[in-house]
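Peer 1: The primary structure of each chain is shown beneath.
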Amino acid sequence: MNKLRLNKTWLYIPLIFMAIFYLLPMYVMLATSFKSFAEVDLKTMWNLPMGIHFDNFVEAFSKLSPSLWNSFAMVIPATLLSSALGSLNGFILAKWKFRGADIIFPFILFGMFIPYQSILIPLVQFMNAIGVTGLPGLALAHIIYGIPITTLTFRNYYASLPQELLEAAKIDGADMLGIYRYILLPISIPSFVVVLIWQFTSAWNDFLFAVVLTGNEQWPITVALNNMAGSQIVAWNVQMAGSLLAALPTLLVYIFLGRYFLRGLLAGSLKG
Amino acid sequence: MLRDKDKYLSILLISPSILAVLIFIYGFIAWSVRVSLSKWKGLNADYTWNGLKNYLNLFSDPRFAVDVRNTLIFTGVFVIGSILLGFLLAVMLDQGLKGEGFFRSLFLFPMAISYIVTGVVWRWLMNPATGSRTSGLNLLFSYLHLDFLQNAWHTTPYWGIAAIALAAIWQMSGYTMALYLAGLRSIPTELREAAQIDGATEFQIYRYIMLPLLSPVTLSALIILGHMSLKVFDLIVAIAGKQLPLDVPAIYMWQTTFDGLFYGRGAAIGILLLLSVAVLIIPYIRYTLKTETEQ
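Line by line, the protein sequences give chains A and B.
All the letters of the first sequence, read from the start, carry residue numbers 48 to 319 under this note's numbering.
All the letters of the second sequence, read from the start, carry residue numbers 37 to 331 under this note's numbering.
I should point out that these hints are in silico values taken from the structure, not numbers from a laboratory.
Note that this is a predicted model, so its numbers are computed, not measured.
Where a beta carbon is used, it is the ideal one built from N, C-alpha and C, also for glycine.
Hints are supplied without guarantee of correctness; some may be wrong.
Unchecked claim - Quick list of in silico lysine-lysine cross-link-like pairs, BS3-like style, CA-CA up to 25 Å:
{"id": "1", "chain 1": "A", "residue 1": "55", "chain 2": "B", "residue 2": "134"}
{"id": "2", "chain 1": "B", "residue 1": "326", "chain 2": "A", "residue 2": "110"}
{"id": "3", "chain 1": "A", "residue 1": "217", "chain 2": "A", "residue 2": "142"}
{"id": "4", "chain 1": "A", "residue 1": "142", "chain 2": "B", "residue 2": "278"}
What the hints assert, rightly or not - Covered stretches of chain B (chain A as the covering partner; in silico rule of three or more C-beta atoms under 8 Å from a C-beta of chain A):
{"id": "5", "stretch": "94-108"}
{"id": "6", "stretch": "136-145"}
{"id": "7", "stretch": "153-159"}
Here chain B stands alone, though its shape is the one from the complex (with noise of 0.2 Å):
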């Protein structure tokens, strides 16, 4: 029951933000498939029509089969390892030890770093230089005598990237901790005491009790941490600059867009990353708002 004042009211309040979504988001969005379809190349704007033309030319170039490629590594490494990792220690901390809060707080702290000087400390930790000069985590594994653990990191041919990923796990598992750790405690404690007068172990009971009742958090983590890795960006600048064994879709999107000039070429690049992300996200969105109404 509105009264018509406020009514009005609301919707001039919430405008300028709708405004701003719809310009900002949408007619973007529009604009850049836009210059997508245009041979608008150098910095002059030029929207002459060009077809699919700049989407064909990617798909036949290697650079971009490298960026694929290299994507599909770093998501695998990426988001197995933090969710396994997240999932272990949930279930670690779970087990009402003390000094919970504190380990807790330890797993998370790198959420509250940015990507870039998570990059810079990275960089200089998965340092590749051997002999004398050899620094860094290879150093530490020579002094803990594990010298087979030693590598070249992200120079790594063809594997460089999932080096990344371990940077990336480093920063984000505590994040996946956090929702595991969210999830068991929404679990009610009946159903693991049922279990274990049942005589279940505990392996048993997270195995066939817990992590069934935990697949919604999964599935989010999997949507949140695949739809990062498709985004990945800053992390790979700040440890490796602008490589190319090391490129990905949203690096090649900036250099070929504001070093390289290529208008088209960029803007194809940025709407088939927003395609890649729109397939995970607007289902996930869907489900999320009706899971909610339905509560």
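Same shape as in the complex, but just chain A (with noise of 0.2 Å):
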């Protein structure tokens, strides 16, 4: 076994260089941010910089600070409400079955992989018919997309505990909002991390909503870092700090919280 994995040491060389590979942009955009408008060239793009300097993040965070605002205003609502919503519809779906519900699941479902562009029309024409436009429309809309991804997460991991577990509380004479309030939701903190993460990053990460939903003062994070790199005014060294804030929040939240990313991610390819 000891010479087996002797001989595999050599993996390290294509592993390393994969990783050379996946931290390349992320070099270049700490890099490019760090340094000072002075040394900032194309031309020595790759160089390490010359020391710590800020001026490509506050010139970055003067122009982009309202969006990021806009951006936690609008995610972090539609995050709690989303997952909450999943939660209980994955509660219902798994445990507490009606008559259809294997019906009405893969409806739900189906709702989490269609392209955007195909309801796009209909979903700007009907906020504005309701009069809930801007963040709070890109809010809502957050919300409801958000309901098939967050319900399969809730309904694989309920439907995974044991019958046995409500059986024995019916017994003892809890209702079905008994059951969820004190068996199931104590339970399901790990689910809600899970869950949270994903509609955070999602809704972080947005631009389609964000670009027809909002105007100029409303645009979230996305939106505006992108009409920044597309106008010629901004320097290419701004940009790069510019999107290093942009990444920073959902960054921080895979540094810290990856191991349920990953969960996350793999429930988004339905298995749960």
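Starting from the two chains in their separate frames, assemble the complex, guided by the hints.
Peer 2: Here's what the structure looks like:
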């Protein structure tokens, strides 16, 4: 066995090579962000910064800070509400099946995969008609289009719990809400973390809904960053710092809660 | 055995979500279909019947032909690239090396970043400028004396979209790796050991035992990545803006509807996208739910 392991050390060569490939964009983003305005030059893109400077961040933050707050203001309620709905739906679909529950579930699931271009025109028309526009409209869209994936994740988790757990509580006289509140909710914390992270990441990173549902003043970070990068006026180094600011919240979540992030990813492929 | 009160309560509690899905997904799809069959052009809604005209026009529209071609190239490069790379990474990480967790996290972190951020960074990495203005990856290639690798990236005629697929592979191959790794871990070690005792080489074990057992994972990856490539949108917008040579249906729909106000045509593109995704996804959902009940 020892000999086998020794033979495998060569694998570090391709692994390190691949690690460099994944880190290259990160390196350029970080190195450029910390350079001073004086040393920024496309021809020396790969050089390390000569010190830690915050010129680029200050400039990027002054341009992007309103949209960063917009993103937080929209993402937090969207994440909390769609997760709560998902948990309730998942509980009912897994443990409190009414007639037709198994027919409804695939129809909910399909919503997870649709290209949103196929509902975009009605969505904009409808939101305008009911007068829910801007950030509240965007949050509402994320809540509703988040229902399929949150429901799926919770349903798979609750379905894996033994039915005896519920039967025992029923004999003790607990009703449906009591079982949910006192038995399932306390043990669903890990699933909540998975779903909250997933919803936070996808709502934070969304561009399509944001670009059609919000105007100038209410742009979330993705739209603001894309427009900054598309205009010829803002220098590339500031764009790099802006990208880092835009990526930071989800990156931090990934760094500290990566394990849950991975579970969310796998749930997204339907496998639970 | 549902008690009546609880039965009504459960239906009551789930009905807001069902209603929302019914309206915002199925109602809106029906509404889009109706728009796609109308003459609606301009700011004011116009539901005058237009038959299949919008669809037929798309089939003879040269821009839509570019979109279909680009989608095919993108799908091919992105799906094959992500699956191959993801599989190789998973096999390497499955060898019980030290630092496995570190590499796994590293290969997966691009998943946490938005396509917009990826696009903004990659547009500078794939800077096509030449001569003294060379930068980005082309500059790196010249440092490494690999000048033959220098190219015009997404500005390459005809194949430019493949460069975009490269950035997408960077973003999504970690996901494929995670799928395969989860698949490999679920294969009982006895199978591997038995093959080793029979004298199979490591390569033979992966080729003849693991790979066939992983075919459900490959199927999932094919479908998930395939449907993502049909929907690709933000990444292209962030790297290249709205350039005709890099156009795809999702961008065409967005631009023709919200910039051009051709609502009828935009809706038709949206519905065509939906149909192409449905062909992949509906059998997949049925298959997954069926295997689930069998277990």
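Peer 1: Going through the earlier hints one by one, which of them does the structure break, listed in rising order?
Peer 2: Numbers 2, 4, 5 - these are the hints that the structure violates, sorted from lowest upward.
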